[in-house]
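Participant: Sequence:
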Amino acid sequence: MRGERRLRRIILCQRSQTLAQITPQLNDGASRTVSKWTVQHLHHRMGFGSRRPTRVPLFKARYRAARLAWKRERRDECRGLKTQVALSDEPRLRLLNANEMLRIWCQSHEPMDPAC
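Residue numbering for the sequence shown follows full-length UniProt numbering, beginning at 1 and increasing consecutively.
The set of hints was computed from the structure by calculation and includes no laboratory data.
On a predicted model such as this, the values are computed, not experimentally measured, just so you know.
One should not assume that every hint holds.
As the list claims (entries may be wrong) - Per label pair, the in silico range of CB-to-CB distance: (1) Glu73 <-> Pro24: 43 to 51 angstroms; (2) Glu4 <-> Glu73: 50 to 58 angstroms; (3) Arg75 <-> Lys36: 20 to 28 angstroms; (4) Phe59 <-> Gln17: 25 to 33 angstroms.
Cβ atoms here follow ideal geometry from the backbone N, Cα and C, with glycine treated the same way.
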């Protein structure tokens with residue numbers, strides 16, 4: 001119980017740490033040492049998961065409908081440019097691999113704020 005509270009505090013202080021960085025912090029000053037796998041199981045039991053933070057605005061249904069209407073209006077204009085133009089109903093389209101992105105620990109009900 002005490003170890004779980006301490007682990008939660010460590011995670012919430014610096015959410016971008018890896019399990020390998022969190023485990024020694026948890027073991028410092030503890031009477032018992034725990035392995036990286038134990039820390040991982042505790043993470044999941046507490047509801048934390050590794051997520052990629054994104055800065056995508058949340059759009060309302062009316063804005064999404066307006067974007068789709070704009071796309072439909074210009075559909076005929078872009079038929080010849082299919083290889084050069086990417087139309088999407090998403091506010092942000094990623095064309096490159098995103099493996100180099102930062103990962104943070106957050107719970108499923110929390111909004112993904114990359115500033116934490």
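Participant: Can you let me know if the beta-carbon spacing of arginine 75 and lysine 36 is within 20 to 28 angstroms?
Facilitator: Violated, since arginine 75 and lysine 36 (Cβ atoms, about 52 angstroms apart) do not stay within the stated range.
Participant: Do phenylalanine 59 and glutamine 17 keep their Cβ atoms within the hinted range of 25 to 33 angstroms?
Facilitator: Holds - the Cβ-Cβ distance for phenylalanine 59 and glutamine 17, about 32 angstroms, lies within 25 to 33 angstroms.
Participant: Does the Cβ distance between glutamate 73 and proline 24 fall inside 43 to 51 angstroms?
Facilitator: Given a distance of about 58 angstroms, which is not inside 43 to 51 angstroms, the answer is violated.
Participant: Taking the Cβ atom of glutamate 4 and the Cβ atom of glutamate 73, is their distance within the range 50 to 58 angstroms?
Facilitator: holds (55 angstroms)
The structure does not agree with the numbered hints 1, 3 stated previously, though it agrees with the rest.
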